[in-house]
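Asker: Here is what each chain is made of, one letter per residue.
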Amino acid sequence: MSVLTLYNDLNSFLILGAILFGMGVYGIVSRKTFIGMLIAAELLLAGASINFMAFNRFSAPDPVVGQIFTLFIMAIAAAEAAIGLSIVIAVYHHYKSIDAEDTVQLKG
Amino acid sequence: MISSTPLTTAPALFSVDGLVGIIFLVMIAVTIIGGFIACSSERLVRAVAGLIVCFVGVAGLYYFLNSPFVAMMQVLIYVGAVAVTISFAIMLAAPEEQKEISTSSPLVGPLGFATAALIAGGFSILAIKTEWPVMAKINDGSVKKIGIQLLTDFSMVFELISIVLLIAIIGALVIARVRREN
Chain S
0 MSVLTLYNDL NSFLILGAIL FGMGVYGIVS RKTFIGMLIA AELLLAGASI NFMAFNRFSA
60 PDPVVGQIFT LFIMAIAAAE AAIGLSIVIA VYHHYKSIDA EDTVQLKG
Chain U
0 MISSTPLTTA PALFSVDGLV GIIFLVMIAV TIIGGFIACS SERLVRAVAG LIVCFVGVAG
60 LYYFLNSPFV AMMQVLIYVG AVAVTISFAI MLAAPEEQKE ISTSSPLVGP LGFATAALIA
120 GGFSILAIKT EWPVMAKIND GSVKKIGIQL LTDFSMVFEL ISIVLLIAII GALVIARVRR
180 EN
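Protein chains in written order, with numbering that gives the first Met the number 0: chain S, 0 to 107; chain U, 0 to 181.
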């Protein structure tokens with residue numbers, strides 16, 4: 000098992016997906032602005048998509064299903080980005096800030 | 000095209016297989032560096048640039064997973080549409096001046112990093128320790144097969160996705176509309 004044959008190994012893709020997922024979790028926890036959290040959420044979805052595609056290539060009997068699932072994830076991510084960013088712009092119009100610590104009107 | 004059988008011997012560095020392996024390592028590096036910039040940079044514009052770099056790397060990984068169609072859609076949808084939308088939102092909504100005083104606890108960064116490292120490490124260990132079953136392929140996963148399955152087996156989901164996208168477009172327009180003060 001050489002470092003140059005890593006692309007034929009399922010584990011390298013799974014570990015890469017886990018690293019991307021961890022980066023997304025770190026971004027969501029540590030960001031203060033809504034747009035930063037949205038960017039981190041896109042990283043989470045990229046990690047999940049890599050997992051689907053890796054199992055699709057190495058383990059699943061039908062290599063079409065994973066690709067279609069990844070396409071659906073992309074469509075959902077696009078819809079989520081559009082809705083989320085319009086909410087961010089509406090919040091900015093109302094509060095003049097996109098900082099998550101400033102929008103505390105409903106805080107109990 | 001990538002051979003489907005795993006290689007047993009280590010390829011030479013400048014053979015075809017060796018160069019493919021080097022390109023794969025470059026794609027991994029591009030993905031991880033882009034993701035690191037996207038989740039840790041101070042300015043949001045740099046984070047979006049890192050996100051674009053990360054998505055290009057992920058598209059290269061999809062190509063290694065025998066799916067050039069999904070790689071193309073990744074570049075088209077994420078790099079072409081989502082990243083541009085986020086950039087527009089930053090230009091419209093993000094004030095560039097940084098807030099000097101932060102009310103959040105200084106523990107947020109290290110604790111978040113510890114949580115993320117635990118999750119990533121746990122998933123990695125789980126992936127390595129598990130014996131994943133390998134089943135025989137029943138088709139080749141080509142673009143033609145994807146199109147046929149999208150319009151036969153997955154036609155219901157296909158229609159639902161299009162309705163979701165339509166509602167998302169209308170909802171985004173309604174939410175972001177500037178209301179007139181009466």
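Everything labelled a hint here was simulated from the structure, so no lab data went into it. Built from N, CA and C at the ideal position, the CB exists for glycine as well. One should not assume that every hint holds.
Claimed, not checked - What follows is a list of derived Cβ distance ranges for each label pair: (1) GLN104/S to LEU117/U: 32 to 38 Å; (2) GLU100/S to ILE21/U: 24 to 30 Å; (3) MET71/U to ASP8/S: 20 to 26 Å; (4) HIS92/S to ARG42/U: 44 to 50 Å; (5) GLU100/S to ILE168/U: 26 to 32 Å; (6) GLU100/S to PRO10/U: 32 to 38 Å; (7) LYS128/U to GLU100/S: 36 to 42 Å.
Said to hold, decoys possible - Computed, partial: chain S to chain U, Cβ under 10 Å: (8) VAL2; (9) ALA45; (10) THR102; (11) LEU105.
Stated by the list, open to error - Which bits of chain S does chain U cover? Going by a derived footprint, with three or more residues having C-beta under 8 Å, they are: (12) 13-24; (13) 53-62.
Asker: All the hints need checking, so say for each whether the structure fits it.
Answerer: Hint check results:
| no. | hint | result |
| --- | --- | --- |
| 1 | GLN104/S to LEU117/U: 32 to 38 Å | holds (34 Å) |
| 2 | GLU100/S to ILE21/U: 24 to 30 Å | violated (45 Å) |
| 3 | MET71/U to ASP8/S: 20 to 26 Å | holds (24 Å) |
| 4 | HIS92/S to ARG42/U: 44 to 50 Å | violated (22 Å) |
| 5 | GLU100/S to ILE168/U: 26 to 32 Å | holds (31 Å) |
| 6 | GLU100/S to PRO10/U: 32 to 38 Å | violated (53 Å) |
| 7 | LYS128/U to GLU100/S: 36 to 42 Å | holds (40 Å) |
| 8 | VAL2 | holds (7 Å) |
| 9 | ALA45 | holds (5 Å) |
| 10 | THR102 | violated (12 Å) |
| 11 | LEU105 | violated (17 Å) |
| 12 | 13-24 | holds (count 12) |
| 13 | 53-62 | holds (count 10) |
Hint compliance for this structure: hints 2, 4, 6, 10 and 11 are not met, and every other hint is.
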